[in-house]
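Visitor: For chain D, the structure is supplied; the task is to place chain S on it using the hints.
Protein chains: 2
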Amino acid sequence: MSAHRILLGEDALPRKWYNVLADMKTKPEPYLHPGTKKPVGPDDLSAIFPMELIGQEVSTDRWIDIPQEVLDVLSLWRPTPLHRALKLEQALGTPAHIYYKNESVSPPGSHKPNTAVPQAYYNKKAGIKRLATETGAGQWGSALSFACKYFDLECMVYMVKVSYQQKPYRRSMMHTWGGTVIPSPSDKTNAGRAILAQFPDSPGSLGIAISEAVEDAATRKDTNYALGSVLNHVILHQSVIGLETQKQLKIAGDEPDILIGCTGGGSNFGGFVAPFIPDKLENEKMRIIAVEPSSCPTLTRGAFAYDFGDTAKMTPLMKMYTLGHDFVPPGIHAGGLRYHGMAPIVSAMKGDGTIEAVALDQLECFEAAVLFARTEGIIPAPETSHAICSAIKEARKCKETGEKKTIVFNLSGHGHFDMGAYDAYFANKLVNFPYPQEAIEKSMASLPQV
Amino acid sequence: MSAHRILLGEDALPRKWYNVLADMKTKPEPYLHPGTKKPVGPDDLSAIFPMELIGQEVSTDRWIDIPQEVLDVLSLWRPTPLHRALKLEQALGTPAHIYYKNESVSPPGSHKPNTAVPQAYYNKKAGIKRLATETGAGQWGSALSFACKYFDLECMVYMVKVSYQQKPYRRSMMHTWGGTVIPSPSDKTNAGRAILAQFPDSPGSLGIAISEAVEDAATRKDTNYALGSVLNHVILHQSVIGLETQKQLKIAGDEPDILIGCTGGGSNFGGFVAPFIPDKLENEKMRIIAVEPSSCPTLTRGAFAYDFGDTAKMTPLMKMYTLGHDFVPPGIHAGGLRYHGMAPIVSAMKGDGTIEAVALDQLECFEAAVLFARTEGIIPAPETSHAICSAIKEARKCKETGEKKTIVFNLSGHGHFDMGAYDAYFANKLVNFPYPQEAIEKSMASLPQV
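Protein chains in written order, with the working numbering: chain D, 1 to 450; chain S, 1 to 450.
Any given hint might turn out to be false.
As the list makes no split between identical chains, a pair holds if one copy fits it or if it spans any two.
[What the hints assert, rightly or not] Lysine to aspartate or glutamate pairs mimicking DMTMM-like chemistry, simulated, CA-CA at most 20 Å apart: (1) 313 x 29; (2) 16 x 255; (3) 87 x 152; (4) 149 x 423; (5) 442 x 23; (6) 27 x 423; (7) 25 x 279.
By construction, these hints were calculated from the structure, which means they are not laboratory data.
With the rest of the complex left out, here is chain D (with noise of 0.2 Å):
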C-alpha cells in the first residue's frame, strides 16, 4: 500500500510564520490614502486595525513569531494532511505524481482560520470588543465567527447576497460560533444604502461587502475590521500551509515541479507558495500557477495598476491586478473568487513574471470536482475545484508527454455547504457565463487616476 496521507505530529507545526517579501524578486508598490493620494503610514490604518498587524503588514523580516495563544488553537487541526491523490492519478492515468495539501480539515472547511485566529487574537490583545468583516462564500465569516469565539469578541459579518441565498447553512454554521450575518448591500450602512438606492437588486459583490464591513469598523470605536485576503499579514498568517506542505514533501521524497491554487484575492495561493519562492527563483523550471475563474479574471484580463480594494473607495489604494472596483462579476457559485482585485504580493509575482495564471470555466471546474470527489473521495468548495480543474489538466499533459512530474495544489476548503451547486450541476442548470467584457471596460474605465 503507498501512502495516501502524509501526517505530521503537532511538533512539527511551524513556530515562525514565513514573510514572502523578505525574498521577492520585485516588492509590492506602497499602498496610498485614498484621499490625499500619498503613501499611508500606520496611523491611516490604526483606526480599523491593531498596531501589531499594521506592523506585520509592512514588515519585511523573513521570520515572524507565532503567539503560543495562536498556537494553541491552530493545533486543533494543524498540521493538516498532504495527500498523495494516487486514486486520482490512477483514473487519469498520468504518469504524474499528485500531491494536495488539504485545508479542509479545520472546523470551518478551509484554509481561513489560519489567519482568522492571529487576527482576532492580536485585536482582543488591543482591548477590542468586536469586529467586523464581509464574506462571499462564508469561508471567511465562518472562519472568523470561530476564532472570535476563542478570544471572546463578537463577530459582525456582511455576506454576499448571492451566496447569502445560495448558501443559508453557512449562515447556520456563524450562528453556532456566535456571529451575527446580514446579506450586503444591506441598510445597516452608507455604502449599503447607496448601492440598493441604485441597484436594488444587486447580487453584492466582495467590493460592496467590504465597504459596509470598513464603514462598521471605522464609525463604531469598540469595533475593527478584519480582511480574510488580500492584504500581506493574511499571506504571511497563511504561510503555515506551505511550510507544512515543504516538511511532507521531504518525508514523501518528492520535489514540486507545478504548485497551484485557485485564486480569489490570493489568501490561499498567496500562503501555499509563499516559502517556495525562494526555490522557484533559483529553480526556473518550477512552475507556479493561480487559478482565476473566466467571469472574473482578475490577473489574466486586468490591469495591473493602483486601484481601490472596494467599491465605496474607502481602503487604501493599492497596486494590484483589477478589474476596477466597480466591477459585479456574475453569478458563479465560487462565491469566494468573486474579487475585482488581487493581494498586490500576489500581483508582484504576476507582474514580474514568478507566477503564472490561468481563468477557467466554471463548468470544466464542476466536472473536474466531482471526478475529485469519485477519486479521492472529498466533495471540494466550488473555489477549490478551480485548482483541481488546472492539475487535472497539468496531470493529462504529463499523460501525452510521459513526463513524472510533481504536482502539487492547495485544496482550500470542502463543499459541504455548496451542495446547492452540485446540484444545480447535475441538473444541467448551471452555465458558463459569457466573458463580462462590458462591464469589465466600464469598469476600468473608472480606475482612479495616481
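Guide: Just chain S now, kept in the frame of chain D:
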C-alpha cells in the same frame, strides 16, 4: 502546549478486525427464520447477503483479516485522530481528562464507511451489480454511495422521509457519489405502498425503510441488501475505531475509566467499545455507557425479546432490546437514532450488565453540541451530541467529586448536513417530545410469539 490530537500513521491502520463474539460474557441468541421461527442458516441469508459477509456474521474467530482492497480505501482517511478535549475540559473546569475519537473526518463525515467499504467489496467480489439500503439521517446512505463508487456498484437508497425533508443536501452528497435516493415510505415497494395506504403522512422510520430495501434486494437477482448497523459483521468492521483508540490512549498515557457512545442500531458504539470488552470483564470499575434519545429509548425502556428488524416482518427475528417493530419514533433531529431495535451484540452486553445505558432529551443534547462546537470547534451531528452530552455530565460529576477520571467518547459524525436542526434550536423551535408511552405500549403488544 499539551497535545490536542494523537495521530497514527498509515502503518498503524489495523490489519485485522476484532470480533467481540469471541470474548463476550453472554453470546447473542441465534437469529430465527421469520416464517418457521427455526434458527436461520447461511442459505436463508444468501438471497440478500454475499457468503463472505454471512461467514463473518456467524464467525467466533477473534481476529479476521481485512482485505488489502478494503485497507486501500480506508487509508484515504484512517487512522482517524484521537483528540484530547482540552478546551472543553477548561470550559467545564473539570479534573477529568476527556478524549474523543474523531470519526467525522471520513469523506461522508461519519464512522459509517468503515463497514460500507468492506460490504461493497465483498458484494462486488460475489458478482453483485447493485446494492439497496435504507438510511435515516443520511450518514449511512452517503457512506454506501461513496463505497459503491470505488467498487463500481449501483447504489439505491431508501431515505426516511422526515430526514429526506430535513436534510436535502445529504441527498446531493449521495448524488455526487453516484447514488440514487428516494424518500421512504415510497411507492416503489409493496412494503412502502402498504404503509402509505394506511398512513399517507407517515414520516417514515428506519424499520420501514429497511423493509423497502430488503424487498428491493430480495426481488432482484443483481441486487443485494446492505445494512449500516445492528448486525454482527457491521460491529466487526467498526472495531477499527476501538482498536485505533487503544493504541492512541497508550500513546497519551491514559487508561479509560468511562467509554461513551451514542446508540441507534449500535454500530459506532459497538465498534468503539468492542476491543475494550476483555479489559472491562477484568475490571469491574470501568464503565461503558450507551446513550440513546429519550424519544426512542430502546435499551432503557424496551423489552429484551425476539423481534423483527423491520416493520414489514421480512428480516429474521433477532433477540434484542426492542420497542416493537412497528414503533415509529417522534421526528427528532437525531434521525440515525430512530430505530426500534438494537444490535444483538449490544443487547447481550446490556442484558448481562457489561454495559449500561442512559436516555437523554433532545434539548440537553443540542445544548451540549453547541458548547462542544464553541470549545473544540467541531459542529457535531445530532446523533453524536448524545455521546457528548453524556460525557459532559460525567465530567461535571468529576468536578463535584474531584475525581480525575479518563472519559473517552466516540465523535461518530459532524453536523454539516444538520444545520437546519441547529437553526431550529437557536430559534427555540426544538422541543423535547413527551415520552411516547402509548405508541410504545401498542407496538410492544405486537412483539412476535417465539
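Visitor: At 20 Å max between alpha carbons, let me know whether residue 149 reaches residue 423 within a copy, between copies, both or neither.
Guide: between (32 Å within a copy, 18 Å between copies)
Visitor: Treating 20 Å as the Cα threshold, decide for residue 16 and residue 255: within, between, both or neither.
Guide: neither (23 Å within a copy, 35 Å between copies)
Visitor: For residue 25 vs residue 279, is the C-alpha pair at or below 20 Å within one copy, between two copies, both, or neither?
Guide: Result: close within a single copy only, 12 Å intra versus 62 Å inter.
Visitor: At most 20 Å between CA atoms: does that hold for residue 442 and residue 23 within a copy, between copies, both, or neither?
Guide: Intra 36 Å, inter 76 Å, cutoff 20 Å: neither.
Visitor: Regarding residue 313 and residue 29, is the shortest C-alpha distance of 20 Å or less found within a copy, between copies, in both, or in neither?
Guide: within (19 Å within a copy, 75 Å between copies)
Visitor: Regarding residue 27 and residue 423, is the shortest C-alpha distance of 20 Å or less found within a copy, between copies, in both, or in neither?
Guide: Intra 43 Å, inter 46 Å, cutoff 20 Å: neither.
Visitor: When no copy is specified for residue 87 and residue 152, does a C-alpha distance of 20 Å or less occur within a copy, between copies, both, or neither?
Guide: between (43 Å within a copy, 14 Å between copies)
In summary, the structure is inconsistent with hints 2, 5 and 6 from the numbered list given earlier, while agreeing with the others.
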